[in-house]
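*Asks:* So the chains spell out like this:
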Amino acid sequence: MTAPAIKLTIIVERLLKPQIEALLADAGLSGWSIFPGGGRGTHGRRRAQAAQLVREFSIIKFEVVLRDRAKAEGIAERLTGELMAEQPGIVWLEEVEIWRIGKFTT
Amino acid sequence: MGYEAWAPALYPFMDIPALLTAIVLAQRAGSNAAARVPLRRLILDSLRGGALSALLLGLALGLLTRPDPVFDSFYDPLFRGLLSLLMLVMGMEAYARLSELRGTAHVYAVYGLLVPLVHGALGFGLGWALHLMAGFSPGGVVLLAVMAASSSDVSGPPTLRLAIPAANSAVYIGTSTSLGTPVALLSIPLWISLAAMLLTP
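Protein sequences appear in the order of chains D and X. All residue numbers for the first sequence refer to numbering that gives the first Met the number 0, where the first residue is 0 and numbers rise by one. All residue numbers for the second sequence refer to numbering that gives the first Met the number 0, where the first residue is 0 and numbers rise by one.
Hint data in this document are derived by calculation from the structure and do not stem from the laboratory. Remember, it's a predicted structure, so these values are computed and weren't measured experimentally. No residue lacks a Cβ here, since even glycine has one placed at the ideal position from N, Cα and C. Don't take each hint at face value.
Reference excerpt, derived from the structure (chain X facing chain D, CB under 7 Å, subset only) [unchecked claim]: (1) V88; (2) E92; (3) D152; (4) P164.
Restraint-style ranges between C-beta atoms, simulated for each label pair [stated by the list, open to error]: (5) X:T64 <-> D:R54: 24 to 34 Å; (6) D:P17 <-> X:Y74: 26 to 36 Å; (7) X:N167 <-> D:E72: 30 to 40 Å.
From the structure, some residues in chain X lie toward chain D, with a derived Cβ separation under 10 Å [to be verified]: (8) S83; (9) L85; (10) M89; (11) M91; (12) A93; (13) A95; (14) A165; (15) T176; (16) A195; (17) L197.
Generate the whole structure from the sequences, applying the supplied hints.
*Replies:* This is how it looks when you write it as structure tokens:
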């Protein structure tokens with residue numbers, strides 16, 4: 000049996016990982032998932048799997064599932080306003096259907 | 000050519016002031032050039048970064064644990080092997096970053112090619128003065144010149160990205176990794192020859 004929820008996705012450079020985790024924790028979230036990634040953008044090509052001198056410029060994707068859309072939008076506003084005002088990054092929200100709704104309290 | 004055992008340990012004390020200089024210059028260039036990140040936080044973040052923290056912890060381990068009995072059999076071969084892998088990765092990164100430089104002004108490429116030699120010469124000059132005044136070894140002078148010619152490819156770029164977000168990272172990473180570091184490496188025989196010519200009787 001599924002229930003509606005909101006998935007917040009954040010794509011940033013690994014450089015911002017500590018700041019984003021601090022922001023998510025400050026917003027009251029207890030869990031999130033992080034995935035490595037690659038791609039291409041205005042800041043150049045990001046290689047998903049390659050030996051790199053500096054890991055901080057590799058791409059990571061955060062995924063957080065919330066039940067409260069307003070809260071998700073508030074977090075997105077803080078991310079884009081505080082952390083991504085001068086650093087590259089993408090944020091989006093998706094409507095998803097999840098199982099085990101009891102695990103998601105926020 | 001012998002050198003003081005502590006000479007390589009000068010590196011972290013050169014790295015942080017160089018980064019701070021860049022940030023202060025960017026802040027003085029204009030209010031939008033650099034993020035208003037407190038310098039204390041930048042220094043702490045730099046010290047907590049992988050490269051510098053490993054170097055400082057290594058220094059502490061060397062002082063406290065006295066690894067002399069296992070240095071020749073374990074640490075020295077491990078260092079040489081890992082250094083060769085690091086050079087391989089740096090070469091791959093340098094080649095990959097070269098394409099990013101094509102979209103930037105040629106003056107940055109000229110800077111990347113010439114400035115390591117200028118800085119190396121300044122380091123050599125300083126080492127020469129120390130040789131005359133305090134008996135600094137010719138090998139130590141060469142190390143100082145090489146370190147002065149080098150750029151920070153591991154700890155520098157993340158610090159600069161946080162502190163000067165408006166700066167085009169393709170310029171400073173591409174210039175440093177693809178041009179500056181190879182020139183600094185290739186200049187090693189130059190400093191060795193100069194030291195042999197000028198500093199050894």
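*Asks:* Next, verify each hint and record whether it holds.
*Replies:* Against the structure, the hints:
With a least beta-carbon distance of about 5 Å to chain D, the hint placing V88 of chain X at the interface is held under the 7 Å criterion. For E92 of chain X, the interface hint holds, the least distance from its beta-carbon to any beta-carbon of chain D being 5 Å, beneath 7 Å. At about 6 Å, the closest approach between the beta carbon of D152 of chain X and any beta carbon in chain D falls short of 7 Å, and the interface hint on this residue holds. With a cut of 7 Å, the hint placing P164 of chain X at the interface with chain D holds, because the nearest CB-to-CB distance is about 4 Å.
At roughly 28 Å, the beta-carbon separation of T64 of chain X and R54 of chain D lies within the given 24 to 34 Å, and the hint holds. The hinted range of 26 to 36 Å is satisfied by P17 of chain D and Y74 of chain X, whose Cβ atoms lie roughly 31 Å apart. Evaluation of the 30 to 40 Å hint for N167 of chain X and E72 of chain D yields a pass: the beta carbon distance comes to about 32 Å. For S83 of chain X, the interface hint is violated, the least distance from its beta-carbon to any beta-carbon of chain D being 13 Å, above 10 Å.
Checking L85 of chain X against chain D by beta carbon gives a least distance of about 8 Å; that is within 10 Å, so the hint holds. Checking M89 of chain X against chain D: minimum C-beta separation of about 6 Å stays under 10 Å; hint holds. For the restraint placing M91 of chain X at the interface with chain D, the shortest Cβ-Cβ distance is roughly 6 Å, inside the 10 Å limit, so the hint holds. A least Cβ separation of about 9 Å between A93 of chain X and chain D falls short of the 10 Å threshold, and the interface hint therefore holds.
A distance limit of 10 Å between C-beta atoms decides the matter here; for A95 of chain X the minimum to chain D is near 7 Å, and the interface restraint holds. For the restraint placing A165 of chain X at the interface with chain D, the shortest Cβ-Cβ distance is roughly 7 Å, inside the 10 Å limit, so the hint holds. For T176 of chain X, the shortest C-beta to C-beta distance to chain D is roughly 7 Å, which falls under 10 Å, so the interface hint holds. At its closest, the beta carbon of A195 of chain X sits 32 Å from a beta carbon of chain D; the interface hint therefore is violated under the 10 Å criterion.
Against a cut-off of 10 Å between C-beta atoms, the interface hint on L197 of chain X is violated, since the closest Cβ of chain D lies about 34 Å away.
Checked against the numbered hints above, the structure violates hints 8, 16 and 17; every other hint is satisfied.
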